[in-house]
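Visitor: Whenever a hint applies, use it, and build me the whole structure from the sequences.
Heads up: the protein sequence lines correspond to chains A and X, in order.
In terms of the working numbering, the first sequence opens at residue 623 and continues consecutively.
In terms of the working numbering, the second sequence opens at residue 623 and continues consecutively.
Honestly, I wouldn't trust all of these hints.
One copy or two, it doesn't matter: identical chains are merged, so the pair holds either way.
Claimed, not checked - The calculated DSSO-like cross-link candidates involving lysine-lysine, where the alpha carbons are at most 27 Å apart (straight line), are:
{"hint": "1", "residue 1": "K993", "residue 2": "K1188"}
{"hint": "2", "residue 1": "K745", "residue 2": "K793"}
{"hint": "3", "residue 1": "K940", "residue 2": "K745"}
{"hint": "4", "residue 1": "K986", "residue 2": "K1043"}
{"hint": "5", "residue 1": "K1012", "residue 2": "K1039"}
{"hint": "6", "residue 1": "K784", "residue 2": "K1188"}
{"hint": "7", "residue 1": "K1043", "residue 2": "K632"}
{"hint": "8", "residue 1": "K782", "residue 2": "K986"}
Calculated directly from the structure, the hints in this document are not laboratory data.
Remember, predicted model here, so these are calculated numbers, not experimental data.
Protein chains: 2
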Amino acid sequence: MSTLAGQLQKMEAHNSIFESAVRQLPLPVCAAFGAADGPQAVSFANSSRVLSTKDSDSVAKSFPNSVQASGNVVLSSAGANTKAAQGKRVAVLFSGGPASGGHNVVCGIKRVLGKGNTLFGVKPGPKGLLLGNLFEITDADVGNVINTGGFDFLGTDRTKIKSDDQFAQVKATCVKHNLDAIVVIGGDDSNTNAAVLAEFLFKGVKADGSGVQVIGVPKTIDGDLQIGDLLPISFGFDTATKIYSEMVGNILQDTRSSLKYWHFIKLMGRSASHVAIEVALQTKPAVTIISEEVAEKKQSLASIVEQIAQTVVLRSGKGMNHGVVLIPEGLIEFIPEMNTLIAELNDALAHDTAEFAALADDAKSAFVQGKLSADNARLLASLPDYVVRKLLADRDSHGNLQVSLIPTEQLLVDMVKARVKIIDAKVPFDAHCHFLGYEGRCGAPTLFDAAYTYNLGLTAGSLILDGRTGYMATITGLTSGGSPQAIPLTGLLNIERRHGQDEFVIEKALVKMDSPAMTYFVSRRADWSADDLFSSPGPRQLWGTSAYQQPISVALNSGSGSLAFKIG
Amino acid sequence: MSTLAGQLQKMEAHNSIFESAVRQLPLPVCAAFGAADGPQAVSFANSSRVLSTKDSDSVAKSFPNSVQASGNVVLSSAGANTKAAQGKRVAVLFSGGPASGGHNVVCGIKRVLGKGNTLFGVKPGPKGLLLGNLFEITDADVGNVINTGGFDFLGTDRTKIKSDDQFAQVKATCVKHNLDAIVVIGGDDSNTNAAVLAEFLFKGVKADGSGVQVIGVPKTIDGDLQIGDLLPISFGFDTATKIYSEMVGNILQDTRSSLKYWHFIKLMGRSASHVAIEVALQTKPAVTIISEEVAEKKQSLASIVEQIAQTVVLRSGKGMNHGVVLIPEGLIEFIPEMNTLIAELNDALAHDTAEFAALADDAKSAFVQGKLSADNARLLASLPDYVVRKLLADRDSHGNLQVSLIPTEQLLVDMVKARVKIIDAKVPFDAHCHFLGYEGRCGAPTLFDAAYTYNLGLTAGSLILDGRTGYMATITGLTSGGSPQAIPLTGLLNIERRHGQDEFVIEKALVKMDSPAMTYFVSRRADWSADDLFSSPGPRQLWGTSAYQQPISVALNSGSGSLAFKIG
Chain A
623 MSTLAGQLQK
633 MEAHNSIFES
643 AVRQLPLPVC
653 AAFGAADGPQ
663 AVSFANSSRV
673 LSTKDSDSVA
683 KSFPNSVQAS
693 GNVVLSSAGA
703 NTKAAQGKRV
713 AVLFSGGPAS
723 GGHNVVCGIK
733 RVLGKGNTLF
743 GVKPGPKGLL
753 LGNLFEITDA
763 DVGNVINTGG
773 FDFLGTDRTK
783 IKSDDQFAQV
793 KATCVKHNLD
803 AIVVIGGDDS
813 NTNAAVLAEF
823 LFKGVKADGS
833 GVQVIGVPKT
843 IDGDLQIGDL
853 LPISFGFDTA
863 TKIYSEMVGN
873 ILQDTRSSLK
883 YWHFIKLMGR
893 SASHVAIEVA
903 LQTKPAVTII
913 SEEVAEKKQS
923 LASIVEQIAQ
933 TVVLRSGKGM
943 NHGVVLIPEG
953 LIEFIPEMNT
963 LIAELNDALA
973 HDTAEFAALA
983 DDAKSAFVQG
993 KLSADNARLL
1003 ASLPDYVVRK
1013 LLADRDSHGN
1023 LQVSLIPTEQ
1033 LLVDMVKARV
1043 KIIDAKVPFD
1053 AHCHFLGYEG
1063 RCGAPTLFDA
1073 AYTYNLGLTA
1083 GSLILDGRTG
1093 YMATITGLTS
1103 GGSPQAIPLT
1113 GLLNIERRHG
1123 QDEFVIEKAL
1133 VKMDSPAMTY
1143 FVSRRADWSA
1153 DDLFSSPGPR
1163 QLWGTSAYQQ
1173 PISVALNSGS
1183 GSLAFKIG
Chain X
623 MSTLAGQLQK
633 MEAHNSIFES
643 AVRQLPLPVC
653 AAFGAADGPQ
663 AVSFANSSRV
673 LSTKDSDSVA
683 KSFPNSVQAS
693 GNVVLSSAGA
703 NTKAAQGKRV
713 AVLFSGGPAS
723 GGHNVVCGIK
733 RVLGKGNTLF
743 GVKPGPKGLL
753 LGNLFEITDA
763 DVGNVINTGG
773 FDFLGTDRTK
783 IKSDDQFAQV
793 KATCVKHNLD
803 AIVVIGGDDS
813 NTNAAVLAEF
823 LFKGVKADGS
833 GVQVIGVPKT
843 IDGDLQIGDL
853 LPISFGFDTA
863 TKIYSEMVGN
873 ILQDTRSSLK
883 YWHFIKLMGR
893 SASHVAIEVA
903 LQTKPAVTII
913 SEEVAEKKQS
923 LASIVEQIAQ
933 TVVLRSGKGM
943 NHGVVLIPEG
953 LIEFIPEMNT
963 LIAELNDALA
973 HDTAEFAALA
983 DDAKSAFVQG
993 KLSADNARLL
1003 ASLPDYVVRK
1013 LLADRDSHGN
1023 LQVSLIPTEQ
1033 LLVDMVKARV
1043 KIIDAKVPFD
1053 AHCHFLGYEG
1063 RCGAPTLFDA
1073 AYTYNLGLTA
1083 GSLILDGRTG
1093 YMATITGLTS
1103 GGSPQAIPLT
1113 GLLNIERRHG
1123 QDEFVIEKAL
1133 VKMDSPAMTY
1143 FVSRRADWSA
1153 DDLFSSPGPR
1163 QLWGTSAYQQ
1173 PISVALNSGS
1183 GSLAFKIG
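Guide: Next up, the structure:
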């Protein structure tokens, strides 16, 4: 075997040159944790902030132990914890879609727990907790996964723990493994689940009557888990949007190089348009649709198409037969007429499920047409086959349409093409479609996400060693050194009617029309349409002067004076 | 306006933090050019290498001036050019699809021409040369575009200069702008065109009877322009494959995090599978199809499907219901039965074009069925509608099928799904499709491409100042400091029958079954199928220890002892 072949084989299984280099990258820690090479647990004390929602009274009734213990008061770090617990047995799990930085949360927890406590990994996700599938995480594991992307160290899944049976299984796992605490790394739903678990496990789990602590860590690439200055952004958003921004920037440069294509790019991010607005701020394309604005202005599908088609014609008149259109994944549901159609379809499909599933595609369409109102039947009939098929496809486990499967980008291309032809048949329009999603969830974390998540892990571990339960770890002041804090989960809960039942939920943060990020975007977008003013943010760097960047939308919304972040 | 808003607006139009930083990145130069901060032109002398092809005699008859001047001998640099020409007027253009590093070629030419000569940019591509659309490139332009991706500084197009009329237009442009030389930055076809232009413009262009020099520069992300150790790789390949490799690596990590998806990823790269094999070597996915191997083994579509389906079942048996399949863009044409079908379709569609175009989709299929042999009619009928539609779509200007439009990845997903169900209905198979292409052509160049292209530019400029014409610039010894050389274009030309006519072509380099890269890939792929041994090469870095990487396939094929490159 040649020397090189030998080297190459050693690079298998997560040992690329980059992965080996990035494991050595030092991570800063908030001053509260002491030295970066030996971070210490902090203790916590009540701050002066109390959280509440419109449903706080009902929440207090359903979560009596948690609310009584926390008073819904935000905790701030209060110096080194000289009386940190020892001998704790802690389990950590990922929940929901993966996001970059998850491994560093685990690493931070392990480091702060130190040799006096034991950390277990749960495989995979909440399902692993039900199955009791735990293993001990070692220092070697930390050295191996630190600064790498993905959730592949533990795996993840989307099991929602709600039934009595499931709660009993969780309790059995806690007892069997003699657990003292569980850390749930997840999004809004997973943190709601963490709140429910914290209450359920508050006491009476172990033989001595004590409970099991539950701490949440805020993850989601969608950016829809935000709580003002207490949680300017969840982890994973920065890495995902920087990956998408690089790709969009590359494609923008391609449009102006090749001079003949439009690219319609759908961006993952569920309902909210945080990802779309961040990528737009990074790259400045000709058109970016913001779902929340479409809903606010009650735009029809035809009016969105008109807006894009007019931009195509405008730019063509200036010699630019190229451009980029950004489309948020959840757009369809924010178009009022489409939302009405989908709601009626969801209702229609909730009954006669088996009968419907047995039908052929054509018959499905006919079957449904008969159950719709005249307006909706007309709208459905106006859509191309490939969209109708997706609208009638299987619902997810919650009975909802899987919006990400609808090829909104292709639908808009086809409709814009037809419209441009009517406005001015001489305008060339040749378009490509993209969906950027999975490639952004598991990339190596940006320096921002790497540092942020490591410190979130240190915070989560500190909360456990301080005996806390029912909190979500957070780091505030991300441009001024960073400060570990804890958000009482019950202070975030609202009641929402879902599938005919009242459910506790953490409200998804949508893009606000009056937010600084939206306001800035609105102030610039006409210029970006009229001329090629795009930028190419390039591949995220882990070394060098361009490595220290926070998301632009977060910087704007939090009133930062620059894009630089500063932890430690 | 807030401070930050002001900063953001200054970042528009190619002024992202990354773009501003990367402009300051110092580039190494081959020792032959002297100091990196003031590179000097080199002169050239004949080496001992003479190039020939099976058609060299015919080429000598058609390119008498070029062959007589060069003797088809490779040139090596021969020290600083103390008698470098002054007052030269040089035009540079991009030709064909964009590739990262093109801007640095222009920068290298401008730097080596210095103040004593003038460089013009041609907009866009060969079409700009016909139109005489030239502008003077300034030092400020160089400072602005250096190390940025794309061809957007000049634009590009795919016009092939072949008719007498077009040649006359080129001559008119040369006369009008009093040009002394033209640099064509392009792939195999563009460099063939450069050879033809060099011969045509050899003499008698200007009033004094002198000619216009033509120099080619080897570009293509496809990697199919390779000439052994004289040209181990064209520029743009490294950046494109590193971008694709990052995306594939991210998706691989997602598969092992989410634990439920297969991803079928088609990779741009035209006919050859160089891109696919490089990305496979970088990431180690479960399955990579190599088109050249499919052709060599005369595999049917069904046998490829069987191979993937068996891997799906094998991995499922080990608890892995996930994986990645890499598919080269040109695969369809390498499957013998599909190739036969496409050839017959191309013939059938070359006649009655207008009549055919006027038909509806269904009628098109029926129309063609009647013109096919029984075997091909059967094969066509067995393919899903969405593939048939693409097979019958408009041909390109050369009468060829636009292979990149065929959704091979979706076709394979659908066929594998059906096959897995037959082999073992209990095996879950849920798949997503991707096509990685446009996002890889215009990204910021890797350090390898940035340094390589800058030195290619220095070489091309030096060739002009040394009075040479009909050569392609190259840099050999990319791991030992780099050495400027020049390849006589006529030494590369073969005669191929295309569309019923003899044409001169530079043969496309395909993946060789006995190459070290293929051999190494074959030796490892069974292990990569059986277990998750993937690596994530991460975002390409411009700073830090992981920045100095050449392509793995190039390192293997050129017998390098490591992946590091060394220029200067």
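Visitor: At most 27 Å between CA atoms: does that hold for K993 and K1188 within a copy, between copies, both, or neither?
Guide: neither (57 Å within a copy, 69 Å between copies)
Visitor: Classify it for me, K986 with K1043: is the Cα-Cα distance of at most 27 Å met within a copy, between copies, both or neither?
Guide: between (32 Å within a copy, 24 Å between copies)
Visitor: Within a copy, between copies, both or neither: which one fits K782 and K986 at a CA-CA cutoff of 27 Å?
Guide: neither (31 Å within a copy, 51 Å between copies)
Visitor: Given identical chains, is K784 near K1188, meaning Cα to Cα at most 27 Å, within a copy, between copies, both, or neither?
Guide: So K784 and K1188 fail the 27 Å test inside a copy (39 Å) and across (59 Å) alike.
Visitor: Go through the copies and call it for K1043 and K632: within, between, both or neither, with a Cα cutoff of 27 Å.
Guide: neither (56 Å within a copy, 36 Å between copies)
Visitor: At most 27 Å between alpha carbons: which applies to K745 and K793, within, between, both or neither?
Guide: For K745 and K793, the Cα distance is within 27 Å only inside one copy (17 Å; across copies 70 Å).
Visitor: First find the shortest C-alpha distance between K940 and K745 inside one copy, then the shortest across copies, and answer within, between, both or neither for a cut-off of 27 Å.
Guide: Only across copies: K940 and K745 sit 16 Å apart there, 56 Å inside one copy, limit 27 Å.
Visitor: Could you figure out if K1012 and K1039 sit no more than 27 Å apart (CA to CA) within one copy, between two copies, both or neither?
Guide: both (21 Å within a copy, 18 Å between copies)
Comparing the model with each numbered hint stated earlier shows that hints 1, 6, 7 and 8 do not hold.
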